[in-house]
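Between the sequences and the hints, there should be enough to build the whole structure, so can you do that?
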Amino acid sequence: MTQVWQVQVAAPTKELATALARAAVEARLAAGGQVVGPVTSVFWHLGEFGTGEEWQVVLKTTEDRYKELEQLLVARHEWTNPEITALPLAAGLAPYLDWVGRTTSK
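Heads up: the sequence shown begins at 16 in the numbering used here, then just goes up one per residue.
Please note: incorrect hints may appear among the correct ones.
Said to hold, decoys possible - Within a straight-line C-alpha distance of at most 30 Å, the following computed DSS-like cross-link-like pairs (lysine-lysine) qualify:
1. LYS121 / LYS82
2. LYS121 / LYS29
3. LYS29 / LYS82
Worth flagging that the hints you see were computed from the coordinates, not collected in a lab.
Below, the structure written as structure tokens:
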């Protein structure tokens with residue numbers, strides 16, 4: 016079975032978060048995604064401490080499709096250094112994991 020990954024990206028608006036999720040799923044770089052928010056973010060940026068409102072996009076993809084997904088997210092994001100992270104899933108319902116693999120296969 017293909018290794019399934021969960022990818023998370025932060026966005027400053029619901030509109031951008033939704034656009035990123037749609038683009039990823041329509042391109043079959045992710046099998047599905049959720050837009051969660053708003054969330055309060057606490058951070059250091061350019062030497063300044065701050066807080067702000069962000070939206071989280073959670074996407075399910077495979078290890079094989081991650082690099083292409085990352086490239087799409089970077090190209091469509093308005094931040095020059097967007098928060099994009101990925102974790103391999105240790106376990107999950109087998110039919111669901113199979114669906115992610117089938118849906119994102121080239």
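To see whether the hints hold, each was checked on the structure:
no., hint, verdict
1, LYS121 / LYS82, "holds, 13 Å"
2, LYS121 / LYS29, "holds, 29 Å"
3, LYS29 / LYS82, "holds, 24 Å"
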